[in-house]
Structures are given as C-alpha cells and as structure tokens.
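Residue numbers (numbering that gives the first Met the number 0), protein chains in the order written: chain A, 0 to 139; chain B, 0 to 139.
Worth flagging that the hints you see were computed from the coordinates, not collected in a lab.
Errors might be hidden in some of the hints.
[To be verified] Listed next, the in silico DMTMM-like pairs over lysine to aspartate or glutamate satisfying Cα-Cα at most 25 Å (straight line):
1) Lys88(A) / Asp57(B)
2) Lys92(A) / Asp57(B)
3) Lys88(B) / Asp13(A)
4) Lys88(A) / Glu1(B)
5) Lys92(B) / Glu80(A)
6) Lys92(A) / Glu80(A)
7) Lys92(B) / Glu27(B)
8) Lys92(A) / Glu1(B)
There are 2 protein chains.
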Amino acid sequence: MEQRLSLVTLGVRDLNSARAFYESLGWEAYRESNEHICFFQTGCMVIGLYPLPDLLTDQGRPEARPVAGGITLGINVVAREDVDRELAKVLEKGATLLTPAADTPWGGRTAYFADPEGHPWEITWAPMFPLGANGALILP
Amino acid sequence: MEQRLSLVTLGVRDLNSARAFYESLGWEAYRESNEHICFFQTGCMVIGLYPLPDLLTDQGRPEARPVAGGITLGINVVAREDVDRELAKVLEKGATLLTPAADTPWGGRTAYFADPEGHPWEITWAPMFPLGANGALILP
Chain A
0 MEQRLSLVTL GVRDLNSARA FYESLGWEAY RESNEHICFF QTGCMVIGLY PLPDLLTDQG
60 RPEARPVAGG ITLGINVVAR EDVDRELAKV LEKGATLLTP AADTPWGGRT AYFADPEGHP
120 WEITWAPMFP LGANGALILP
Chain B
0 MEQRLSLVTL GVRDLNSARA FYESLGWEAY RESNEHICFF QTGCMVIGLY PLPDLLTDQG
60 RPEARPVAGG ITLGINVVAR EDVDRELAKV LEKGATLLTP AADTPWGGRT AYFADPEGHP
120 WEITWAPMFP LGANGALILP
C-alpha cells in the first residue's frame, strides 16, 4: 500500500451543523457536496463529513459504538501567535476547548479543541518543521 | 483556520508493533522517529503514531476512553483491480478484514480493513476522481 492518505472521513451525527461549523471557519465545501456527504479539499487530500451510521455500515460494523478521540487531526501554522489567534477563532464558532495554547517541551506551541462532533484537533506551531508551498507539512 | 490538514496522529497501544505493521506495507518512517513517536510523510501531510495515553494527555482528557472507528482513513488507488490486490497485501501483513472488496452504487470499488490498533482504512477506486501528481486526490 503506497505511503499516502487520500481521504479522512469524519463520522458525524448532524451533517448540516458539522458542515456549517467548518464553513464558519472559512472552509469551502466541494460544489457537489449534498445532504448525504460533504467534502473539503485540503491540500493533496480531502476531508469528508459523513453520517456516522452510514460510515459504520460502510466499515462493515454497523453495531460499533465508536467514541471520538483516538485520533488527533492536526493543523500546523506559520507563526507562534497564530496558535492563540486561530484557537480564539474556532472557539468563537462553537468549538470546545480541550487545552489552552501553551508552549511545549519540544520548543513549539499547541492548543487543542474538539469540533462540534467531538473530533479533536491540534493547532501547532512547530518551528523545526517549516511549512512548504501551499501549507504542506514536509518533514525536513 | 486554513482549509488544510497537516498531521493525522493515530493513538496506539503498542507503538513498536503499529510501526512494524506500516513498515511491512513498504512505508518508510521519518528518520527521527523514535521509541516515543513515529512519523510517516504522506504527500503534503504526515501520519503519526503515538501512544494512546500520551495522545489523550496532550488532548487534555487523560480519562477519555476512545473507541476506534468514528473516522475512516482512505487511500485511493489508480485501478479497479488495485483494490483487491492491495487488500490482499495488507491482510497478509496482519490487518483485519472489515469488508471484502466490492463494487459500490456510485460506480467505484472499495474494501475496508482495520490496522492492528483498530483504526479503519478504506481502499477505494473512484474513477470519477482521477489521482493527480504523486497520488494527490484533487476534487475535479
């Protein structure tokens, strides 16, 4: 299997409100998104929002009862102060604070929030990993 | 918050065996990976493996008991027969079958497996979404 990731699909209980949250951050949904699924182009890959029961049925385990949080979604930002600023913005739009912005032992700064469906996100400034073209995170 | 995804960090119970599984698929770990964390460059972003208790502590909710599966990780392949071939390969390396390869109502073909930590993956051939340079998934 190639060393790639094409799509991250987040199971959601309320597709409309989950979509509205990401749109409120300034994200633009793929024009063919509809009431059954919503896609966002994110660099070389795509984030999808999809009703959790449908996601579990597609996974072949409709009886599963997943609890969000075994995965962290991360977005790296260019400057230290972006962590605080972006965190303030997402909280204003209805995200839940998990941890306030704080310096890390490895010399960066992070903050954690959960989207309205409970999926945890990390906003990170990692000066040892400067962002490449179009915000790509390329390990040095 | 920009419309990007930099890092997907998978919480794992056994970092060594989780890393060994992805390496057995032919993935190459970032050279500065160590016994505390492992990174894989995946196109414009990165997948990390990180012990689940540490991940939850970083998320500010060490008491959480997440159950894998509210998110599907997807890899899109170039040809219909790649779905079956890649599925066979990952099963040989210790993945768990969730659903066998099957044609979908929307004209593609998919199969689902779980990695050794229970994180579900989808292998997809989606002919309406041809892959771009370096395997990027760019919505048309």
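**OP:** Determine which of the earlier numbered hints do not hold for this structure and return their numbers in increasing order.
**Re:** Violated: hints 3, 5.
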